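Chemist: Sequence:
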Amino acid sequence: MAKMEVKTSLLDNMIGVGDMVLLEPLNEDTVIDNLKKRFDHSEIYTYIGSVVISVNPYRSLPIYSPEKVEDYRNRNFYELSPHIFALSDEAYRSLRDQDKDQCILITGESGAGKTEASKLVMSYVAAVCGKGAEVNQVKEQLLQSNPVLEAFGNAKTVRNDNSSRFGKYMDIEFDFKGDPLGGVISNYLLEKSRVVKQPRGERNFHVFYQLLSGASEELLNKLKLERDFSRYNYLGLDSAKVNGVDDAANFRTVRNAMQIVGFMDHEAESVLEVVAAVLKLGNIEFKPESRVNGLDESKIKDKNELKEICELTGIDQSVLERAFSFRTVEAKQEKVSTTLNVAQAYYARDALAKNLYSRLFSWLVNRINESIKAQTKVRKKVMGVLDIYGFEIFEDNSFEQFIINYCNEKLQQIFIELTLKEEQEEYIREDIEWTHIEYFNNAIICDLIENNTNGILAMLDEECLRPGTVTDETFLEKLNQVCATHQHFESRMSKCSRFLNDTSLPHSCFRIQHYAGKVLYQVEGFVDKNNDLLYRDLSQAMWKAGHALIKSLFPEGNPAKINLKRPPTAGSQFKASVATLMKNLQTKNPNYIRCIKPNDKKAAHIFNEGLVCHQVRYLGLLENVRVRRAGYAFRQAYEPCLERYKMLCKQTWPHWKGPARAGVEVLFNELEIPVEEYSFGRSKIFIRNPRTLFKLEDLRKQRLEDLATLIQKIYRGWKCRTHFLLMRKSQIVIAAWFRRYAQQKRYQQIKSSALVIQSYIRGWKARKILRELKHQKRCEEAVTTIAAYWHGTQVRREYRKFFRANAGKKIYEFTLQRIVQKYFLEMKSKVPSLSPIDKNWPSRPYLFLDSTHKELKRIFHLWRCKKYRDQFTDQQKLIYEEKLEASELFKDKKALYPSSVGQPFQGPYLEINKNPKYKKLKDAIEEKIIIAEVVNKINRANGKSTSRIFLLTNNNLLLADQKSGQIKSEVPLVDVTKVSMSSQNDGFFAIHLKEGCEAASKGDFLFSSDHLIEMATKLYRTTLSQTKQKLNIEISDEFLVQFRQDKVCVKFIQGNQKNGSVPTCKRKNNRLLEVAVP
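For the sequence shown, the numbering used here gives the first residue as 1, with consecutive numbering after it.
Simulated from the structure, these hints should not be mistaken for lab results. Please read all numbers here as calculations on a predicted model, not as lab measurements. Cβ atoms here follow ideal geometry from the backbone N, Cα and C, with glycine treated the same way. Accuracy of the hints is not assured; some may be wrong.
[Said to hold, decoys possible] Computed spacing ranges between beta-carbons, pair by pair:
| # | residue 1 | residue 2 | range |
| --- | --- | --- | --- |
| 1 | Q481 | E425 | 12 to 22 Å |
| 2 | L465 | K944 | 49 to 59 Å |
| 3 | M14 | I711 | 16 to 26 Å |
The whole structure should be built from the sequences, with the hints applied where relevant.
Modeler: Now the structure itself:
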């Protein structure tokens, strides 16, 4: 894909207007037309001052590459064309260089691209901040938290295939260098009603479909699930499959992300078991049954699903079945148990499913926070990223839309306040007169909703808590009484006479005039959703679960901690969360990204002006532009202003040698711009009307064309002169080279002829000499042959005189005897050394002696082995027995073993008996010391090491301080259950202690020693002799140790060490300790 052109200024090659503060004329139509023009040219980002407007393109654009990241890195905000990277860079540099905490507020309706915008912000910050193993790990964990939260908190809706159904605020923490240290995630209002029911054309949360599509058959069988979506009532079938979405691949991505974030394997399995339990809850169905007393009760139709749920969660089946059929109400010392009819049983089932899933989601967020939180306690800089639901107006708006829109009212309020504050601070800083700006203050709408006395949320809480019959209709009647005269509240039954004739309002609805427009709310479900009740019987049943995770999710089910106080309502909890969020945002420097959805079809290249107009209104973009340009529409620092327009004045072109402000004053006076159109600040020039700026741009464009013509003329002349001089120089060089080539060629011809003549003469002389030599050789061979025949005749003639019978046999035996005699005499001088490991043996001289040669070699080896064994003392025999034991335990299992073979096992390396320093230690030990060695004890909290004296006696294992000799720990050998170590070339080992023993109060021991093989062997032999049981020695690159109440995974990894070849140990988090081995 071709690299996009990098623009050098916001004003260069501008499509429409890059910053709508410069839009002229300014009205709703021109704003929408400008956004459409830029959208049609793939320019999806537009500025309103420092606010970024992002229009979702519904397609991939080549504007997020690593090259683009480098283009926007450390650049002025207005220096390049509008981009989300520019805002991200501005926020990051302000945090790093000016020590200002930042927050990035991303708003817009569902499908506008808020989630993708937050990912882009985080990926940009991750790309431009520091590098290093620890920093990269933190960045990877922060980025990988997104797939986990999206799987459990996002769903497919009619407007968006990956819609966030919860609000997320992430604080990313940095150190003084700007490197990320960790983060903290806060979640707001998960749409848990989606678990049990989804609107038509929408799906449940992604994780259900990912689990069924991507899990292996083995895992599905373990979770008692089937791959068919239609088997589960909680999964809508009309939109189970989404085009372009691979749920199986996404499941693998989520599992990998959970591992990177820091989830242990058993934690991930527990989470999937809870998800499976929620799925199967939807398949529980009830049937009515009448009791003797005439009351209706419910019974479970098919108990097979209930049985499988209980097997997954470890709950007694009878306890859960009763919780679905009965409800116990407690008041002071009284308990009343009532039966549930079918409708109430279904309500209880759905309430349990919703609570189970929402609490699991909160646990996931807390677990991720535990992994990504900053490990250091130094002062941190913070960048917050808020990805929260936008303003929602549906055909049927309920309690969820009400509190979502309330949150957006609060965000709009803080947006206007902080924007005005920022504008006023800049005017004061630049010494420009500030004029008051008129704007709509939505505090009256926020007060209508959140007022503690007569606000809608207060009325709803009061209605939920009052005794008697409470329904949605009684709540609406109360609103009609309290809010009737409020100018932003409308209702069909309102006592205010101006609404009596409004027949467009249904009887069960009320309407609020929000800053973004009027929204009609269906009052049905407000009371139930605000109460968010889960029967106490179900909470107690969940608390009794054998499943550790489920039990931890329902602490209120503990009978010992029964609280009769009513839990806070959903509305009051959300109101408190929003108040905390607003307080947090007030302390940070804000940056805004306003996301706009161009169409409802999720299609590229379609721009629905009516839909965009609606979003422009409720996002308040027009009002934002008016606030920004109420005084001066454009402002720019003197240096870049002079640099851009200096060619318009002869005095400033090409170089201005004075201060930049003086140069700008000269420039504006030369161009005769009216004084009332601009004003000089301390460091910036302020331009009141966009027409003035466009006039400057037109003059600059014309001047650039004139300068380009001049440059072209000079360049063409220089090019022609350079070409002529080059041609002339080339002609001279070519002629010189040609003359040289002609002479070289003539010389080569003469040389070749001389070589041919010489070769012919040498060949003739060589052939002559060869003929003479051949004749001489034939004569010599003839003489030799004649002499040989003559001597043979003479010998045979003499031999016949002495030949007798059996002479051949005797000659053979004599010859054989002499050969064997010679063989043994030679073996005497060639016998190898008496060392049993010497494998040298003389080669066999004759083939017929092969078996004798092998047998002699065997006899000699047995003899020298006996001679070698006879030299051993009893102590040496013991040493070799230990060496043999070490070979059986560690050979081909531990990489450190080969280097220990040649090292003698000494045992007491510290001469405690001779060293007066350890007299106190010697007196305290009455048994024989088998091992006395200095080891490094690994600190359980941080992975650092401390020197300790390691003592092994016949019955105990002792640890003593190296300096004072004081005994720190004493462990009987019967309490040692196992020794663990890695298979690599390191000296780390763990000694596991029996649970419940006195020595195990602080957990297992982790040591590092230079004599690991010897220590493990002696500990093994001593334990075997004392307890008559073999000590379990585990060799693995990943094993678990018990540190107090926590199980910590010790993991050995390959890595480059800063301190050479010494392994290093580091505690990564509460559940992982890494040992880096070179």
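Chemist: Hints broken by the structure, by number, lowest first?
Modeler: 1
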